[in-house]
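A.B. asks: Here the protein sequences line up with chains A and B, keeping their order.
Just so you know, my numbering puts 135 at position 135 of the first sequence, and the rest follows in order with no gaps.
Just so you know, my numbering puts 19 at position 19 of the second sequence, and the rest follows in order with no gaps.
Mixed in with the good hints there might be a few duds.
With a Cα cut of at most 25 Å, we get these calculated PhoX-like pairs of lysine-lysine [to be verified]: (1) Lys73/A x Lys306/B; (2) Lys118/A x Lys6/B; (3) Lys306/B x Lys69/A; (4) Lys229/B x Lys55/B; (5) Lys70/B x Lys214/B; (6) Lys55/B x Lys306/B; (7) Lys6/B x Lys227/B; (8) Lys74/B x Lys55/B; (9) Lys6/B x Lys119/A; (10) Lys73/A x Lys14/A; (11) Lys121/A x Lys306/B; (12) Lys214/B x Lys74/B; (13) Lys74/B x Lys64/B; (14) Lys64/B x Lys229/B; (15) Lys119/A x Lys306/B; (16) Lys121/A x Lys229/B; (17) Lys306/B x Lys229/B; (18) Lys55/B x Lys214/B; (19) Lys227/B x Lys251/B; (20) Lys118/A x Lys306/B.
Sample of chain A residues with no beta-carbon within 10 Å of chain B, all distances over it, derived [as the list claims (entries may be wrong)]: (21) Asn8; (22) Gly68; (23) Asp135; (24) Ala160; (25) Lys180.
If you anchor each label on the Cβ, the simulated ranges turn out as follows [to be verified]: (26) Leu269/B x Asn173/A: 53 to 61 Å; (27) Ala137/A x Leu269/B: 49 to 57 Å; (28) Asn173/A x Phe21/B: 33 to 41 Å; (29) Tyr266/B x Ala137/A: 55 to 63 Å; (30) Tyr339/B x Asn173/A: 35 to 43 Å.
Hints in this document: simulated from the structure, not taken from any laboratory.
The beta-carbon is built from N, C-alpha and C at its ideal position, and this holds for glycine as well.
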Amino acid sequence: MEVTKIENVTRVFKIGKVETQALRGVNLSIENGEFTALVGPSGSGKTTLLQLIGCLDQPTSGQVYINGKDVSKLNRNQRADMRRGTIGFIFQFFALIPTLTAYENIEMPLLLVGESPKKRKERVTELLEAVELTDRAHHRPDQLSGGQQQRVAVARALAARPSLILADEPTANLDTPNGKQVMETMTRLNQETGVTFVFATHDPRVIQYARRVITLRDGVVIENHAEKPEV
Amino acid sequence: MIQIIKMAFRDLGRNRRRSFFSSLALGIGLALMLLMAAFIEGEVNSAMDTTIRLKSGHLQIRSKNYEESKTSLKWEDLVENPDQIAGQIASLDPVLAATPRLFATGIVSVRDESTGVSVYGIDPLSEANAPYRMGLLQGDFLSSEDREGILIGQPLADKLQVEVGDKISLSVNTSNGDVDEQLFTIRGIYSTQTNAFDNATVLLPISKAQAITKTENHASTIFILLKDKDQTDAVVTALQASNLDVLTWTKMNELIIQTEEMANSYMVLFYLIVLAITATVIVNTLVMAVFERTREIGILSSIGMKSRHIMAMFLAESSLLAVGGIIMGLILGILAVSYFARVGFFVGNMGLTMLFGNTIYTELTVADTIEITVIAFIITLLAGFYPALIASRMEPVQALRGGK
Ligand SMILES: Nc1ncnc2c1ncn2[C@@H]1O[C@H](COP(=O)(O)OP(=O)(O)O)[C@@H](O)[C@H]1O
Ligand SMILES: [Mg+2]
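For reference, chain A alone in the conformation it holds in the complex (with noise of 0.2 Å):
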């Protein structure tokens, strides 16, 4: 079953009379559990697409669904139940709240869609421990490397337990030891518990972990490889 679907999807922005094209008509479908990438050079639009599918922003024309469902039309409050527990996100910048240890970042989804206290603290711990956190659970952001905030953020990503997982450059900050640890907990997440991904790049050496790859170009799809083996 497909998690998410776009239809004929443009995104025009305007800022006074300058208009930019972002997206011009993309249409793509994600399948649940997959591990897909979406490439592209720099202003292709990846970031847009994601914001799209993410519920962060409305298309200007064209549907997105998720999980079945319109999302193209929701008002805010709307979008923001739509983001909680099904959606995911990681950022290239570490996003992380600074005022928050891991621990109370990781738990934030979970106290977002009402979990109880006991579940709460099974969930964290189990992802701390997934992500290799566990000594450094009561750490705040700026006592933590670049590597281990991100992968706070991917523990955080996974704790509400959403369907797709939508990461936008999650390695352009790191090193490339941190960028491949981070790529690896993703790839072992996404073998081990089923959820979807969907990560832009424009890395090679980050490309290699999809098994999907959708390359994008001033807006469309130029490339839309089917499953390839795993690397």
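Fit chain B with the ligands to the given chain A structure using the hints.
C.D. replies: Using the frame of chain A, we list chain B with the ligands on its own:
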């Protein structure tokens, strides 16, 4: 909810100095308002107490015809047989003292200086005259039989450059409309610490005052002090039978009550100004905090935090600032008020006709404290509303981009 408060608290801790000074601004504002309220309360109470003690008493009994503004001395405007009436009233249980007084207007002159005065004929033995007796700075108090002695207030003595033992001439209006003049010897100089009174009042024994004004066995009023002013109404009922007028301190001092009301409405204006300033500081701090945290707001929103929770987080921050400010304000305010309650504000002669002490001691009521604190809290919350609204209206995409 607990998480929201925890985050708000930690967020304030990030920029401790800024949070502290914003709270302090509110604290100082609150302290100022408390001090001002306590000053007004002290001033009004002082005016009322002083006026009761020196001028109006708790109750007065006058002839129905008597007109205070004219200081009439016609027999039909006065109380006849005042000693007898005063004696009866004094025997009532709630009454502390009841004494006849005769008021006249006159002019004192010495060498080529002269000035208009109120002449108070008092019974030197009555307890009601304690404020003058206690306030004696030099010389002796009057005695009932004294036919030439006079007491004058200190500012008047300074102005006329006279001392105890000096002679001054006093011209007084009499009951038949003439003016009578006589030489008096200054027996003593008093101060009631109330400039407006001491400046313009000379005291004579009532028998002498009656003689010079030709009002024998009459008084302008029976001046009554009670043991407890809350018993006024009860005593009024007991006195009602006579064909004389009974006046209460509230009736006689309406001007003071009106002045208090007016002062209170000016206070509201003062509060608004102080609160507008502190609210600006708080709004400024929180707007800065919102813009600094644009990206975090985007992150929270992208993981599904609802607008109203983001709003609640910033409202929690302003509440915490408000609580901190209020604690500081109460401490500062109460310290300042208790300092000035002991030391007092010296206001001296404000050139007003209203009587109040030369030093005002602050008095803070519980009602004022609660009212001002609640207002300060509400205004701070309202001030926090605007930044919270900005935060909750941010689009997650824009917020994430803005932080890069
Ligand atoms: N909020 C925005 N306002 C204006 N232009 C935007 C905005 N977001 C993206 N764009 C433009 O849309 C195009 C695609 O951007 P983006 O999706 O960020 O590409 P990528 O992530 O592949 O680098 C770019 O030309 C970019 O300048
Ligand atoms: Mg991008």
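A.B. asks: Are the hints correct? Go through all of them and say.
C.D. replies: Each hint, compared with the structure:
| no. | hint | result |
| --- | --- | --- |
| 1 | Lys73/A x Lys306/B | 18 Å, holds |
| 2 | Lys118/A x Lys6/B | 19 Å, holds |
| 3 | Lys306/B x Lys69/A | 20 Å, holds |
| 4 | Lys229/B x Lys55/B | 15 Å, holds |
| 5 | Lys70/B x Lys214/B | 17 Å, holds |
| 6 | Lys55/B x Lys306/B | 67 Å, violated |
| 7 | Lys6/B x Lys227/B | 57 Å, violated |
| 8 | Lys74/B x Lys55/B | 21 Å, holds |
| 9 | Lys6/B x Lys119/A | 20 Å, holds |
| 10 | Lys73/A x Lys14/A | 19 Å, holds |
| 11 | Lys121/A x Lys306/B | 23 Å, holds |
| 12 | Lys214/B x Lys74/B | 9 Å, holds |
| 13 | Lys74/B x Lys64/B | 13 Å, holds |
| 14 | Lys64/B x Lys229/B | 23 Å, holds |
| 15 | Lys119/A x Lys306/B | 22 Å, holds |
| 16 | Lys121/A x Lys229/B | 67 Å, violated |
| 17 | Lys306/B x Lys229/B | 60 Å, violated |
| 18 | Lys55/B x Lys214/B | 23 Å, holds |
| 19 | Lys227/B x Lys251/B | 19 Å, holds |
| 20 | Lys118/A x Lys306/B | 23 Å, holds |
| 21 | Asn8 | 21 Å, holds |
| 22 | Gly68 | 20 Å, holds |
| 23 | Asp135 | 22 Å, holds |
| 24 | Ala160 | 8 Å, violated |
| 25 | Lys180 | 25 Å, holds |
| 26 | Leu269/B x Asn173/A: 53 to 61 Å | 56 Å, holds |
| 27 | Ala137/A x Leu269/B: 49 to 57 Å | 55 Å, holds |
| 28 | Asn173/A x Phe21/B: 33 to 41 Å | 35 Å, holds |
| 29 | Tyr266/B x Ala137/A: 55 to 63 Å | 59 Å, holds |
| 30 | Tyr339/B x Asn173/A: 35 to 43 Å | 58 Å, violated |
Hint compliance for this structure: hints 6, 7, 16, 17, 24, 30 are broken, all remaining hints hold.
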